[in-house]
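Visitor: What follows is each chain in one-letter form.
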Amino acid sequence: MQTFPCAFCGPRPETEFHFAGDLGNLRPEGFLEVSAETWSSYLFAHNNPRGESREIWKHLTCMEVFTMTRDTLSHIVNSSTALLPEGDA
Amino acid sequence: MTRHYSLLSLIKEGFANQKGWQPAWRSPEPKARYDAIVIGGGGHGLATAYYLAKNHGITNVAIIEKGWLGGGNTGRNTTTIRSNYFYPESAALYERSLQLYEGLSKDLNYNVMFSQRGVLTMVHSKGEMEIAARLVNAMQINGIDSDLLDIDACKKIVPLYDFSPKSRFQVLGGVWQGRAGVARHDAVAWGYARAADRLGVDIIQNCEVTEFMIEGGRCRGVMTSKGPIRSDKVSLSVAGNSSQMAAKAGFRLPVISYTLQACVSEPVKPILDTVVLAPATATYVSQSDKGELVIGGGIDRVPSYAQRGNLPALEVVLSGLMEMFPTVGQLKLMRQWGGVVDVTPDSSPIMGESPLPGLYLNCGWGTGGFKSIPVGGEMTAYMMANGKHHDLTRPFDLERFRTGRLIDEAAGSGIAH
Numbered sequence: 004m005q006t007f008p009c010a011f012c013g014p015r016p017e018t019e020f021h022f023a024g025d026l027g028n029l030r031p032e033g034f035l036e037v038s039a040e041t042w043s044s045y046l047f048a049h050n051n052p053r054g055e056s057r058e059i060w061k062h063l064t065c066m067e068v069f070t071m072t073r074d075t076l077s078h079i080v081n082s083s084t085a086l087l088p089e090g091d092a
Numbered sequence: 006m007t008r009h010y011s012l013l014s015l016i017k018e019g020f021a022n023q024k025g026w027q028p029a030w031r032s033p034e035p036k037a038r039y040d041a042i043v044i045g046g047g048g049h050g051l052a053t054a055y056y057l058a059k060n061h062g063i064t065n066v067a068i069i070e071k072g073w074l075g076g077g078n079t080g081r082n083t084t085t086i087r088s089n090y091f092y093p094e095s096a097a098l099y100e101r102s103l104q105l106y107e108g109l110s111k112d113l114n115y116n117v118m119f120s121q122r123g124v125l126t127m128v129h130s131k132g133e134m135e136i137a138a139r140l141v142n143a144m145q146i147n148g149i150d151s152d153l154l155d156i157d158a159c160k161k162i163v164p165l166y167d168f169s170p171k172s173r174f175q176v177l178g179g180v181w182q183g184r185a186g187v188a189r190h191d192a193v194a195w196g197y198a199r200a201a202d203r204l205g206v207d208i209i210q211n212c213e214v215t216e217f218m219i220e221g222g223r224c225r226g227v228m229t230s231k232g233p234i235r236s237d238k239v240s241l242s243v244a245g246n247s248s249q250m251a252a253k254a255g256f257r258l259p260v261i262s263y264t265l266q267a268c269v270s271e272p273v274k275p276i277l278d279t280v281v282l283a284p285a286t287a288t289y290v291s292q293s294d295k296g297e298l299v300i301g302g303g304i305d306r307v308p309s310y311a312q313r314g315n316l317p318a319l320e321v322v323l324s325g326l327m328e329m330f331p332t333v334g335q336l337k338l339m340r341q342w343g344g345v346v347d348v349t350p351d352s353s354p355i356m357g358e359s360p361l362p363g364l365y366l367n368c369g370w371g372t373g374g375f376k377s378i379p380v381g382g383e384m385t386a387y388m389m390a391n392g393k394h395h396d397l398t399r400p401f402d403l404e405r406f407r408t409g410r411l412i413d414e415a416a417g418s419g420i421a422h
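If you read the protein sequences in the order shown, they are chains V and L. Count along the first sequence starting at 1, add 3, and that's the number in the working numbering. Count along the second sequence starting at 1, add 5, and that's the number in the working numbering.
Watch out, some of these pointers could steer you wrong.
[What the hints assert, rightly or not] Not the full set, but computed from the structure, chain V residues with beta-carbon under 7 Å of chain L:
id: 1; residue: R15
id: 2; residue: T18
id: 3; residue: F22
id: 4; residue: N51
id: 5; residue: T75
[Unchecked claim] Every beta carbon over 12 Å from chain V, so not counted as near; a handful from chain L, in silico:
id: 6; residue: Q27
id: 7; residue: L105
id: 8; residue: A192
id: 9; residue: I219
id: 10; residue: K231
id: 11; residue: S293
id: 12; residue: R306
id: 13; residue: V307
id: 14; residue: Y310
id: 15; residue: L323
id: 16; residue: P350
[Stated by the list, open to error] Some but not every residue of chain V turned toward chain L, in silico, with C-beta under 8 Å:
id: 17; residue: M4
id: 18; residue: S43
id: 19; residue: S44
id: 20; residue: A48
id: 21; residue: N50
id: 22; residue: R53
id: 23; residue: E55
id: 24; residue: T72
id: 25; residue: L76
In short, the hints are calculated from the structure, not lab data. Quick caveat: nothing in here was measured; it's all calculated off a predicted structure. Note that beta-carbon positions come from the ideal geometry of N, C-alpha and C, so glycine has one too.
Based on the provided sequences and hints, a complete structural model is requested.
Guide: Next comes the structure, spelled out in structure tokens:
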């Protein structure tokens with residue numbers, strides 16, 4: 004079994020983690036002004052890279068979310084960083 | 006040279022010391038220009054080229070495959086074919102595929118060993134029984150053969166299954182599609198390849214598409230490792246690599262690539278003459294003609310392009326198998342493998358012209374790519390030949406992710422893919 008490094012708990016089994024999407028996929032501001040294309044892109048489209056991928060993951064046991072950079076082909080994890088509230092970063 | 010496969014040609018070649026058989030397909034060098042280019046030499050791509058030639062008379066076609074023919078998911082699945090879907094749009098699409106499979110061996114003059122041995126989906130609780138009745142009703146209204154079975158009928162179909170009330174996931178009944186079945190996966194690829202080649206299609210292996218030629222906002226061809234190849238009609242049948250090709254064409258897809266694993270046991274005497282699926286564990290199993298148990302389940306939960314899979318998903322699948330058939334616990338596993346599947350948010354495929362005009366999409370089949378090879382090919386060929394949607398494909402356009410009219414089969418038919 005592969006271990007993923009939780010930014011808070013350290014290395015834990017992969018089954019404790021949940022993939023939560025691409026890093027930087029920010030919710031569009033201005034609810035009514037946002038076009039259908041932008042909503043669709045935000046909600047459904049994925050970068051889905053082959054190779055280095057910058058992603059958001061959730062550690063289901065401690066319920067914290069964090070960013071992880073890993074290789075989708077070799078499964079090697081390069082870094083994991085806590086997601087801090089804006090202003091604290 | 007002997008081209009046609011028949012009893013007569015078998016006898017003839019028997020007397021000729023088997024020296025007259027023609028190779029099943031040629032390995033030509035690519036021409037500078039084709040009427041249509043199909044990217045991806047798996048089942049869907051090969052079928053697309055075949056139906057372009059057969060149904061639409063477009064024979065100046067190239068299939069461009071970066072590896073070898075049928076070496077991706079076409080050679081990595083569990084060969085199950087069924088059409089018991091919930092929504093009318095899906096039922097029509099997959100039923101067309103099943104119908105094409107029913108006549109495929111004759112159509113291709115190649116035995117794809119389609120065996121309509123039925124698929125039995127177990128039901129584990131009273132609540133699920135009610136949902137199963139609703140599913141079966143919906144399927145019957147859609148014109149799909151589907152039956153709700155009680156536990157006694159299930160026992161007759163799979164006597165080896167653990168039906169005891171003490172089992173971890175007790176069975177109360179099942180959903181049965183008798184026309185579903187399995188086929189020989191490689192034969193489907195080889196049969197389409199041979200039939201397409203005979204109609205004049207060029208199958209170009211070991212040739213990778215590196216970028217698209219975009220002129221005047223349209224796709225005008227592809228750059229490949231064997232040089233530029235021009236065509237005003239290009240289609241994409243590359244399953245798990247769809248996002249990579251879309252990125253080269255300048256757009257993103259609602260697709261995540263995951264590994265789907267499967268494995269086979271050592272061969273044993275006939276013990277199972279149908280396909281059995283237990284939704285509680287998402288494990289399904291059938292027995293191949295060689296006697297191996299062919300075992301599959303849900304996808305790995307980690308987005309991945311590695312064609313191997315991780316252990317946790319395999320553990321879930323095999324422990325599920327042990328719940329279903331405790332007797333098979335002593336069997337050894339012979340082989341395990343993984344394929345990269347293109348999963349969409351609604352578990353339905355994406356078909357239609359892409360945001361880059363002249364480039365047609367046939368992707369998002371996720372874990373259901375093998376069963377849909379004939380219809381995926383037939384419909385992509387139709388779209389390429391006519392420059393518009395077929396009635397069957399219109400609901401599956403990429404547009405649905407903008408309008409919000411999803412066809413959510415993951416929720417609809419309760420299938421874990």
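Visitor: Hint by hint, say whether it matches the structure.
Guide: Cross-check of the supplied hints:
1. At its closest, the beta carbon of R15 (chain V) sits 13 Å from a beta carbon of chain L; the interface hint therefore is violated under the 7 Å criterion.
2. About 5 Å separates the beta-carbon of T18 (chain V) from the nearest beta-carbon of chain L, less than 7 Å, and the hint is met.
3. Annotation: F22 (chain V) was flagged as interfacial toward chain L, and the flag holds, the nearest CB pair being 6 Å apart, inside 7 Å.
4. Hint status for N51 (chain V): holds, given a least beta-carbon distance of 4 Å to chain L, under 7 Å.
5. Against a cut-off of 7 Å between C-beta atoms, the interface hint on T75 (chain V) holds, since the closest Cβ of chain L lies about 5 Å away.
6. Consistency note on Q27 (chain L): stated as away from chain V, and its beta-carbon is indeed over 12 Å from all of that chain's, at 38 Å minimum.
7. Every CB of chain V lies more than 12 Å from the CB of L105 (chain L), the least distance being 30 Å, so the non-interface label holds.
8. Annotated as non-interface, A192 (chain L) keeps its C-beta farther than 12 Å from every C-beta of chain V; the closest such distance is 30 Å.
9. At the 12 Å boundary, the C-beta of I219 (chain L) stays outside the reach of chain V, the nearest C-beta of that chain being 20 Å off.
10. With a least CB separation of 22 Å from chain V, K231 (chain L) remains clear of the 12 Å interface cut-off, as annotated.
11. For S293 (chain L), the requirement that its beta carbon stay farther than 12 Å from each beta carbon of chain V is met, with the minimum near 29 Å.
12. With a least CB separation of 7 Å from chain V, R306 (chain L) falls inside the 12 Å interface cut-off, contrary to its annotation.
13. Not every Cβ of chain V is farther than 12 Å from the Cβ of V307 (chain L); the closest lies at roughly 6 Å, contradicting the non-interface assignment.
14. Against chain V, the non-interface label of Y310 (chain L) is violated: not every CB pair exceeds 12 Å, the least being about 5 Å.
15. The Cβ of L323 (chain L) sits about 14 Å from the closest Cβ of chain V, beyond the 12 Å cut-off, so the non-interface label holds.
16. A beta-carbon of chain V is positioned within 12 Å of the beta-carbon of P350 (chain L); the least distance is around 6 Å.
17. With a least beta-carbon distance of about 5 Å to chain L, the hint placing M4 (chain V) at the interface is held under the 8 Å criterion.
18. At a threshold of 8 Å, the smallest CB-CB gap from S43 (chain V) to chain L is about 4 Å, leaving the interface hint in force.
19. The interface hint given for S44 (chain V) holds, since its Cβ lies 7 Å from the closest Cβ of chain L, which is under the 8 Å cut-off.
20. Contact between A48 (chain V) and chain L, as hinted, is supported at the beta carbon level, the nearest pair being about 4 Å apart and thus within 8 Å.
21. Satisfaction of the interface hint for N50 (chain V) is found here, the shortest Cβ-Cβ separation to chain L being roughly 7 Å, below the 8 Å cut-off.
22. With a cut of 8 Å, the hint placing R53 (chain V) at the interface with chain L holds, because the nearest CB-to-CB distance is about 5 Å.
23. The interface hint given for E55 (chain V) is broken, as the beta carbon of that residue sits about 12 Å from the closest beta carbon of chain L, more than 8 Å.
24. Interface restraint check for T72 (chain V): the shortest CB-CB distance to chain L comes to about 13 Å, outside 8 Å, so the restraint is violated.
25. With a cut of 8 Å, the hint placing L76 (chain V) at the interface with chain L holds, because the nearest CB-to-CB distance is about 5 Å.
Hint compliance for this structure: hints 1, 12, 13, 14, 16, 23 and 24 are not met, and every other hint is.
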